[in-house]
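Participant: Line order of the protein sequences matches chains A and B.
Per the working numbering, residue 1 is the first one in the first sequence, and the count goes up by one each step.
Per the working numbering, residue 1 is the first one in the second sequence, and the count goes up by one each step.
You may find that some hints are simply not true.
Unchecked claim - Incomplete in silico selection of chain B near chain A, CB under 7 Å:
#1 C31
#2 L46
#3 Q49
#4 V56
#5 V60
#6 I67
For the record, the hints were derived by calculation from the structure and aren't laboratory data.
All C-beta atoms in this analysis are idealised placements derived from N, C-alpha and C, irrespective of residue type, glycine included.
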Amino acid sequence: MLDLCDQIFVLLKHWMLGWPIWPESVKPLVSILLSIVPIMLVFAGLFAIMTVLERKGLGRIQNRYGPNRVGPYGFLQFAADGIKALTKEDVVPRAADKVIHFLAPLVLIVPVFLAYSVLPFGRNMVPMDIDAGVLFFFAVGAATELAVFMAGWSSRNKYSLLGAMRAIAQMVSYEVPLIVSTITVVMMVGSLSTVKIVEAQADYSGQWPQWHLFTPWGFAGFVLFLIAAMAESNRSPFDLPEGESEIVAGYFLEYSGFKFALFFLAEYLGMFAVSGMAVTLFLGGWTAPLAFLSWLPSWLWFFAKLMALIFLFIWARGTVPRMRMDQLMNFAWKFMLPMALINILAAGLWHFLPAGMGRWMACSAVIGIPYILLGRGLVGGKQFAKRTYRFAE
Amino acid sequence: MTLPFAMIAVVTLSSAVAAMSLRNLVHCALCLVGTFGGLAALFLQLDAQFAGLAQVLVYVGAVAILIVFAILLTRGAEPAQQPIVAGSWFIGVAVAALTFGSLVVTVITSSAITSPAGPKPDVAADVTVKNIGARLMTDYVLPLEVVALLLTAALIGAVIIAMPNEAPDSKLKAESSKLKKSTNF
Numbered sequence: 001m002l003d004l005c006d007q008i009f010v011l012l013k014h015w016m017l018g019w020p021i022w023p024e025s026v027k028p029l030v031s032i033l034l035s036i037v038p039i040m041l042v043f044a045g046l047f048a049i050m051t052v053l054e055r056k057g058l059g060r061i062q063n064r065y066g067p068n069r070v071g072p073y074g075f076l077q078f079a080a081d082g083i084k085a086l087t088k089e090d091v092v093p094r095a096a097d098k099v100i101h102f103l104a105p106l107v108l109i110v111p112v113f114l115a116y117s118v119l120p121f122g123r124n125m126v127p128m129d130i131d132a133g134v135l136f137f138f139a140v141g142a143a144t145e146l147a148v149f150m151a152g153w154s155s156r157n158k159y160s161l162l163g164a165m166r167a168i169a170q171m172v173s174y175e176v177p178l179i180v181s182t183i184t185v186v187m188m189v190g191s192l193s194t195v196k197i198v199e200a201q202a203d204y205s206g207q208w209p210q211w212h213l214f215t216p217w218g219f220a221g222f223v224l225f226l227i228a229a230m231a232e233s234n235r236s237p238f239d240l241p242e243g244e245s246e247i248v249a250g251y252f253l254e255y256s257g258f259k260f261a262l263f264f265l266a267e268y269l270g271m272f273a274v275s276g277m278a279v280t281l282f283l284g285g286w287t288a289p290l291a292f293l294s295w296l297p298s299w300l301w302f303f304a305k306l307m308a309l310i311f312l313f314i315w316a317r318g319t320v321p322r323m324r325m326d327q328l329m330n331f332a333w334k335f336m337l338p339m340a341l342i343n344i345l346a347a348g349l350w351h352f353l354p355a356g357m358g359r360w361m362a363c364s365a366v367i368g369i370p371y372i373l374l375g376r377g378l379v380g381g382k383q384f385a386k387r388t389y390r391f392a393e
Numbered sequence: 001m002t003l004p005f006a007m008i009a010v011v012t013l014s015s016a017v018a019a020m021s022l023r024n025l026v027h028c029a030l031c032l033v034g035t036f037g038g039l040a041a042l043f044l045q046l047d048a049q050f051a052g053l054a055q056v057l058v059y060v061g062a063v064a065i066l067i068v069f070a071i072l073l074t075r076g077a078e079p080a081q082q083p084i085v086a087g088s089w090f091i092g093v094a095v096a097a098l099t100f101g102s103l104v105v106t107v108i109t110s111s112a113i114t115s116p117a118g119p120k121p122d123v124a125a126d127v128t129v130k131n132i133g134a135r136l137m138t139d140y141v142l143p144l145e146v147v148a149l150l151l152t153a154a155l156i157g158a159v160i161i162a163m164p165n166e167a168p169d170s171k172l173k174a175e176s177s178k179l180k181k182s183t184n185f
């Protein structure tokens, strides 16, 4: 029974594939569709719910109600927003490059959906188990930068172009620590396949899981990955590309109606995908957090961890103020990149030292000492104290 | 020739032709990205996953952005008023023909084609990412290190060129301190 619950979606797919209505020649195509359609539906649905939950959560953080008019507790707000986006007029600026302006949202949404094809959502539930899965994920992620440029450039608007330039500079800079912090996991597992990475973390020592998070290099890598992921998906505190107070809305300023909704969708789906990758790499994918909880279905654990990470994203958005452009670049190149490189060294040490307390101490020192020194060095002897206001008190 | 190959070939070639013949430089750059993507698809179709995905990561993700930035930073993106075909087109055609010819000769005389027919060894199974990494770290470690050194040197060179010659804010500081003195009654 429990096994059935765990494998229910796999069995469902096999059962539907066994229907006699498909001719033998179209079966591969049907199999592909049966993998793609649920992913698109589930994550589009998650996007819809998450927009409401995010506004509710932000409201709670900012001491207000959030949406509470449409449906019970305002939870049908997404339907109202969707209908509004669909029925709005699609305005294209007269000076815009019409073809590229039209193509940009499509070029953005396709790689974002492609990224889901290598994530293992549960036991035996990976759409495409390829040898270079992690590489595939980052390769399609790199393709989104071009779409951002297309949107910003084709709008013929100074704010759009500025936003696109900011976005590209930020995404290129933070892609480096994102990938370098992933290298540690690939080194330790010895494979780029996402399925093998999850299997490497599936064991338990006693009740405690052997996730990569619970090693010094894994913890440092996870924190670096999460920060870089926030920057990659243009989320606050890294939302300079759309900084409303400076450049109105950034690269999608000149988009309206459903094209704007597509940009919104792509931002959230990108966030879900990169969170799913963080779950796969560091949080043990679909494995249970404690050994005696393994009887719950594997896909439930994947989505529970995904939601926990998304909650972290929302929490950060509600509490951390937006960075300045120079702070953003200095942070990427002077702090994130050296720490990610040092983390590779720590992972190597971990691999070659004998297991035990000594290994823990050595690896923690290799990561911790540069962390403190770099932090002190970048502050540069400035004194921080409580800010005093002259008039606002 | 299979149908997927034909489709990929048509997309790659047509976007290459468009990249050469369109008037707007940014359009040309975007068409070039289509060519890069087509090449990556060809690699993937031949089961060379690493080459295909690295092609996307490096060319679509980095080189295309570099080209686009270079166009925007150096000149206006407005179409130039000169004819599309340059006066010295025959030199370009000659170089292209020469390159193509040498590639054709190399491919035809390579051992993969000239070796006697029979069961060919399964090459795709051997070219996993793991094997590529192992070979790079053992047999080809010297070329790898040389390339790494070259790239690092290029990076440092770029930073040095981009650095301002004098301390940028010394003038500003002097100004602001003067200002402070004058207002500090």
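Participant: Taking the closest Cβ pair, is V60/B under 7 Å from chain A?
Facilitator: holds, 5 Å
Participant: Taking 7 Å as the limit, does the beta-carbon of L46/B come near enough to a beta-carbon in chain A?
Facilitator: violated, 14 Å
Participant: Is the interface hint satisfied for C31/B? The criterion is a beta-carbon contact with chain A at less than 7 Å.
Facilitator: Interface hint status for C31/B: violated (11 Å vs cutoff 7 Å).
Participant: Can you verify the interface hint for V56/B: is its Cβ closer than 7 Å to any Cβ in chain A?
Facilitator: holds, 4 Å
Participant: Against chain A, run the beta carbon of I67/B and see if the smallest gap drops under 7 Å.
Facilitator: violated, 10 Å
Participant: Let's test the interface hint: is any C-beta of chain A closer than 7 Å to that of Q49/B?
Facilitator: Q49/B check passes; min Cβ-Cβ to chain A is 5 Å, inside 7 Å.
Of the hints listed earlier, those the structure fails to meet are numbers 1, 2, 6, in rising order.
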